[in-house]
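Numbered continuously in the numbering used here, the sequence shown closes out at residue 397.
No lab work stands behind these hints: they were computed from the structure. Glycine included, every Cβ here is placed at the ideal spot set by N, Cα and C. You may find that some hints are simply not true.
Derived Cβ-Cβ restraints for the label pairs, each shown as a range [to be verified]:
hint, residue 1, residue 2, range
1, 289, 221, 21 to 29 Å
2, 122, 220, 53 to 61 Å
3, 350, 174, 54 to 62 Å
4, 56, 313, 20 to 28 Å
5, 315, 120, 34 to 42 Å
6, 142, 393, 51 to 59 Å
7, 146, 256, 17 to 25 Å
DSS-like cross-link-like pairs, simulated, lysine-lysine; straight-line CA separation at most 25 Å [unchecked claim]:
hint, residue 1, residue 2
8, 283, 322
9, 397, 30
10, 283, 330
11, 21, 283
12, 330, 313
13, 322, 30
14, 103, 283
15, 21, 330
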Amino acid sequence: MKIIVAPDKFKGSLSAGQVAQAITEGLLLCHPALEVTQLPLADGGEGTAEILTYHARGEMRSATVSDPLGRPTQARFGWSGAQKTAFIEMAEASGLFLLAEPERNPLLTSSFGTGELIVRAIENGAEQIILGIGGSATNDGGVGMASALGYRFLDEAGREVKPIGGNLRQISRIDDTALVFDPARLRVRVACDVDNPLTGAAGASHVYGPQKGADAAAVQQLDAGLCHLANVFRQHFGRDVERVPGAGAAGGMGAGALLFLGAKLIPGTALVMEQTGFEQQLAGSDLLITGEGKLDQQTRHGKLIRTIAEKARERDIPVAALCGTLDLEPEAVRELGLCFAASILRRPCTLAEAMEESHAGLRSQAFNLMQLFLVGRK
């Protein structure tokens, strides 16, 4: 009997790989002869670089780069020498979590550190980069990232403009005569699950600026800066990306990646499933077990578990989900395409206790699930 174990992470508790391992232990405890394939997944957000590196049989590497305020910080990226591919998460260098609450101000932050990670990858010999752009602290249209790659942003007097969100309106032209890489020789794909345009009411500044510390006045200033930058982009690149879906992702990094890197924006779940060979792994499977820290209304509108269930249903493979918290009515569980869903909590406890006992809870509930599944097959 072939079982696929394809969970997301339990945020703050276990990585997707650790979740898959705990579930596998419970399954084999129930039936040691099972053929279990561990396929930890991600949705393109936090943890994606590590997951893709794992599936590529690569390694995680570390580099000293600039945080959103220009201070040195250690950031990791994945590297597969066999594929000459780097797996980078923008949040590692330019993430909101790197800043204390009082430091969060997208007028002052820069994505320069993300560009430094890209430079490190190129120095390693990368011919392809997969870039996740969630969780950023920036609203600079990607000019910080581009600055690290050799792009220069000049004002009307020809003076270089510091690449931060609050300075975008000062940029008059772009100088790309001293790039440290050849865009034509680098393939970049960006995991992007939002469809926000660059500017306007649904754009980067208005939708995500407040989450990054921008007040109402700062939101207006940031949006005006991105509107101005879009005009500079049109003049320099001869391309209008202002209304492109996803251009507003990560404070405009979507637009910046399109133009500065020649990137393609791809839904994160689709990109992860392609890289992990998810659909090929389903062949001949009898059961797929997935899960995440919390199954709730957000799961219903998310993409990972829903897509997992859809792909399995196309092949008549039942899908079960294990989670820390189950906050869905039975009708919603069925609507998601799940044949079974259960919390791993075994007793009343605090959040800290629940997180500490996640491995044991997953192991135990996987054992129970397999017992039930085997009875059902008799």
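Evaluated hints:
1. Here the CB-CB span from residue 289 to residue 221 is close to 22 Å, well matched to the stated 21 to 29 Å.
2. Judged by the Cβ atoms, the range 53 to 61 Å given for residue 122 and residue 220 is violated: they are separated by roughly 27 Å.
3. Checking the proposed 54 to 62 Å range against residue 350 and residue 174 shows it holds: the Cβ atoms sit about 58 Å from each other.
4. A C-beta distance of roughly 25 Å is found between residue 56 and residue 313, which places it inside the suggested range of 20 to 28 Å.
5. Between residue 315 and residue 120 the Cβ separation comes to about 26 Å, which falls outside the hinted range of 34 to 42 Å.
6. Evaluation of the 51 to 59 Å hint for residue 142 and residue 393 yields a pass: the beta carbon distance comes to about 52 Å.
7. Our hint of 17 to 25 Å for residue 146 and residue 256 holds, since their Cβ atoms are close to 23 Å apart.
8. This hinted pair checks out: residue 283 and residue 322 have alpha carbons roughly 19 Å apart, not beyond 25 Å.
9. For a cut-off of 25 Å, the pair hint linking residue 397 to residue 30 is broken: about 36 Å separates their Cα positions.
10. About 24 Å separates the Cα atoms of residue 283 and residue 330, which keeps this hinted pair within 25 Å; it holds.
11. Distance check on the hinted pair: residue 21 and residue 283 sit about 35 Å apart at the alpha-carbon level, beyond 25 Å; violated.
12. Proximity of residue 330 to residue 313 is assessed by CA-CA distance (about 21 Å); at most 25 Å being required, the pair is judged to hold.
13. Taking the CA atoms of residue 322 and residue 30, the gap is about 17 Å. The hint holds against a cut of 25 Å.
14. Proximity of residue 103 to residue 283 is assessed by CA-CA distance (about 18 Å); at most 25 Å being required, the pair is judged to hold.
15. Of the pairs offered as hints, the one joining residue 21 and residue 330 holds, with about 16 Å between alpha carbons and a cut-off of 25 Å not exceeded.
The structure shown violates the earlier hints numbered 2, 5, 9 and 11.
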